[in-house]
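S.K.: Just so you know, the protein sequences line up as chains A and B, in that order.
Per my numbering, the very first residue in the first sequence carries number 1; after that it's consecutive.
Per my numbering, the very first residue in the second sequence carries number 1001; after that it's consecutive.
The hints are simulated quantities; they were obtained by calculation from the structure and are not laboratory data.
Treat the hints with care, since some could be wrong.
Unchecked claim - For each label pair, taking beta carbons as the anchor points, the in silico distance ranges come out as:
(1) HIS1064(B) - PRO53(A): 35 to 45 Å
(2) HIS1064(B) - ALA247(A): 42 to 52 Å
(3) ARG1235(B) - LYS180(A): 26 to 36 Å
(4) PRO1080(B) - ASP184(A): 25 to 35 Å
(5) THR1262(B) - LEU4(A): 32 to 42 Å
(6) ASP194(A) - SER1405(B): 54 to 64 Å
(7) ALA1036(B) - ALA22(A): 28 to 38 Å
(8) GLU1101(B) - LEU4(A): 20 to 30 Å
(9) ALA1061(B) - GLY29(A): 32 to 42 Å
(10) GLY1134(B) - LEU4(A): 43 to 53 Å
(11) ASP239(A) - PRO1080(B): 29 to 39 Å
(12) PRO1335(B) - LEU4(A): 27 to 37 Å
Just so it is clear, CB atoms sit at the ideal spot from N, CA and C, and this is done for glycine as well.
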Amino acid sequence: MTILRFDDWTDPVRPVKRDVIAKLPEDAGENPPVLFVPGPGHGATAFAEHWLPHAAGRGFAAYALTPRDGGKLREHVHDVVQTAASLPRQVVLVGHGEGALVVAHALGRYPARAAVLAAPVLDRWATMGTALRVNPLGAIPAVFGGRLRWSRRQLLSAGAPVEAYGRSSRLVTSRKPVPKPVGDPPALVIGSPDDRVVPRKSLDRTAARLGGAPLLFPGMGHDLMLDAAWTDPIEAILDWLTKELSAAS
Amino acid sequence: MQDTPDIADRHDAICVIGAGAGGLVAIKNLREHGFAVDCYERETSVGGAWNWRHDRSPMYASTHLISSRPLTEFPDFPMPDDWPDYPHHTQVLSYLERYAEHFGLGAHIWFGTEVVSAVPVGDGRWDVTTRSTGGGAERVQRYAGLVVANGHNWDPAKPEIPGEFRGQVIHAAAYQDTAQLRNRKVLVIGGGNTGCDIAVEAAQQAATVWHSTRRGYWYAPKYLFGRPSDQVNDRLLRLRLPLPVRQWLYRRTVGLTVGDLTRFGLPAPDHKPYETHPIVNSQLPFYLAHGRITAVPDVTRFDGAAVELADGRRVEPDLVITATGYRARFEFLAPEILDTDADGRPDLHLHAFARKHPTLAVVGLLQGDAGVFPLAHWQSVAIARWLRLRTTDPVRAAAVQQKESTRPVGGWSRTKVVHTRRHWFEVDHVNYLRSVEGLLREMETSK
Chain A
1 MTILRFDDWT DPVRPVKRDV IAKLPEDAGE NPPVLFVPGP GHGATAFAEH
51 WLPHAAGRGF AAYALTPRDG GKLREHVHDV VQTAASLPRQ VVLVGHGEGA
101 LVVAHALGRY PARAAVLAAP VLDRWATMGT ALRVNPLGAI PAVFGGRLRW
151 SRRQLLSAGA PVEAYGRSSR LVTSRKPVPK PVGDPPALVI GSPDDRVVPR
201 KSLDRTAARL GGAPLLFPGM GHDLMLDAAW TDPIEAILDW LTKELSAAS
Chain B
1001 MQDTPDIADR HDAICVIGAG AGGLVAIKNL REHGFAVDCY ERETSVGGAW
1051 NWRHDRSPMY ASTHLISSRP LTEFPDFPMP DDWPDYPHHT QVLSYLERYA
1101 EHFGLGAHIW FGTEVVSAVP VGDGRWDVTT RSTGGGAERV QRYAGLVVAN
1151 GHNWDPAKPE IPGEFRGQVI HAAAYQDTAQ LRNRKVLVIG GGNTGCDIAV
1201 EAAQQAATVW HSTRRGYWYA PKYLFGRPSD QVNDRLLRLR LPLPVRQWLY
1251 RRTVGLTVGD LTRFGLPAPD HKPYETHPIV NSQLPFYLAH GRITAVPDVT
1301 RFDGAAVELA DGRRVEPDLV ITATGYRARF EFLAPEILDT DADGRPDLHL
1351 HAFARKHPTL AVVGLLQGDA GVFPLAHWQS VAIARWLRLR TTDPVRAAAV
1401 QQKESTRPVG GWSRTKVVHT RRHWFEVDHV NYLRSVEGLL REMETSK
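Isolated chain A, as found in the complex:
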């Protein structure tokens, strides 16, 4: 809970035109909108392929936000909160990878209806350590503040379609501790024990912070929404969400 927000008051984030993809169901009924937030290496298209239409098919208005180019954590958080507040109802935030770090910080500001952190990169050093072990050549520049290059093997399992890609990005860094979520939303952490970006221990830590255990999808790579078995995690997210929503009403 940060009450004095001098940064926001005296030096507001410069607005940019945000790129949001939407897939709307025929009738969302009472379901809250779901906003998917990828890490800066991905665009909204990472979700547009499978998860957005799937969520819409199950009656959720589904949105995905492309992170702004070269943004700092504060700017990404600003964009997520702005997008959430622009939607008609209280939003469920789903962050993936470094997008989960952005969502975790956005939760300290915006009272989400619920939150899902998928393969969350909250622990920068753990991620860097894994990257160095699995793909040292791609990771060494990042240690000196350069870009972190991911190999296909880190992101996807062997069974994934070949056109799914490797990518590189500068890690979103933050010395700020992850804040306590405002409004006490139900939260879920999902991931894979075979993720070569986020180690299992880091998943457990993140889940424990939110008072639970991670939901695991063995055999999948880091990019849960693009890997061959992409239906399993999104089904699990929506099942969990449906249960939480009915428990609250």
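Since chain A is already given, all that's left is putting chain B on it; use the hints.
M.R.: This is chain B only, laid out in the frame that chain A set:
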């Protein structure tokens, strides 16, 4: 006269009075803390003062925010970042409407229903009598708590000026748009933000304009160094510069940008900067300098077609607009409940908590050097957390109450101000929020 003698018990529900900005944050934050809420609103829509359709709204066509957007928005629901620095009042209304929709608050509001009375019935519970705004049967319901958010800018405070006046006198509450000023001779009374806004509009539309103020003020421009001036001010507050240093900087900055206004016939301020509610208007000095506005002192009396001024001058306006503010009024509560003194000034801890009734609080009864919405937000979080703590851990609640009673008033209330009705609820937003933060930390639950 009561049609239904039986009282409907709403058990743990909290009653919120008013669905303006303060009422809406109260509903949202009470719901977030697990309370059932019934909100009563005399109008048929949300927005309170910001809804120009409401009888009691003080809006005029050109009203814009005085504080800039980042210092005005709710902390957990920002205004769109492509809005201007100083949005128009219709944008603020649409923002409040979207807030209500976003958090599903409408389902908890009873529109067209006014609160006739609220009476404590012991054990912290309240009997709230309501009836439809149009009249009709009264209904009494019992609540576990009462949160008052009825606003304080709707009951015009009209100055008593002796003598008869042949022209027209209206309060700023009745001023709506510039058509009322066109080609007339206008005297605007009052040096607040409204008085200055209207004087500027008159300068653009009326034939002649006099602007009467009781004292000289520090007129801050809306922009300093290319930034909204409240944002510049907050940079100084962030550095925790002592007040005398900030006062010196303020004098220097105003001296270098706005310049010396006594040249235009305004009296020099009789107080230091930060000792009155900030007046932010870039255009007033501009029109004074162009001779479109004539600065005049206090009005002493009316005399037929003329208005007599404190310096003996007489002017002959055909329209007098009194921009002399509003009174806080709680006609549904007995005065002793809010420790209201003979002048009508309630005495509340943090301008929010009733001292003798732990389940009664007021939201938004503040004037600050930044927007009131964020202050009202954190007030209502504190109120919700307090009411929650009372039910879950009465022992801790008692300890918190004990500790709060020792919190020095100077920490949260601005005590060094010109002592007029206008500054009863004046706060420095940073000091105030620090105090509310202190209270919230004391109440932090063990989870």
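S.K.: Next step is simple, just say for each hint if it's right about the structure.
M.R.: Status of the hints after comparison with the structure:
1. Our hint of 35 to 45 Å for HIS1064(B) and PRO53(A) holds, since their Cβ atoms are close to 43 Å apart.
2. At roughly 44 Å, the beta-carbon separation of HIS1064(B) and ALA247(A) lies within the given 42 to 52 Å, and the hint holds.
3. Judged by the Cβ atoms, the range 26 to 36 Å given for ARG1235(B) and LYS180(A) holds: they are separated by roughly 27 Å.
4. Taking the beta carbon of each, PRO1080(B) and ASP184(A) are about 26 Å apart, inside 25 to 35 Å as hinted.
5. The hint said 32 to 42 Å for the Cβ distance between THR1262(B) and LEU4(A), and at roughly 37 Å that hint holds.
6. At roughly 58 Å, the beta carbons of ASP194(A) and SER1405(B) sit within the given window of 54 to 64 Å.
7. Roughly 34 Å separates the CB atoms of ALA1036(B) and ALA22(A), a value that falls within the hinted 28 to 38 Å.
8. The hinted window of 20 to 30 Å between GLU1101(B) and LEU4(A) holds, with their beta carbons roughly 29 Å apart.
9. Taking 32 to 42 Å as the suggested C-beta distance range, the pair ALA1061(B) and GLY29(A) conforms, at roughly 40 Å.
10. Checked against the hint of 43 to 53 Å, the pair GLY1134(B) and LEU4(A) passes, with Cβ atoms roughly 45 Å apart.
11. In this structure, ASP239(A) and PRO1080(B) meet the distance hint of 29 to 39 Å, their C-beta atoms being roughly 34 Å apart.
12. For PRO1335(B) paired with LEU4(A), a C-beta distance near 35 Å keeps the hint of 27 to 37 Å intact.
The earlier numbered hints are all upheld by this structure, with none contradicted.
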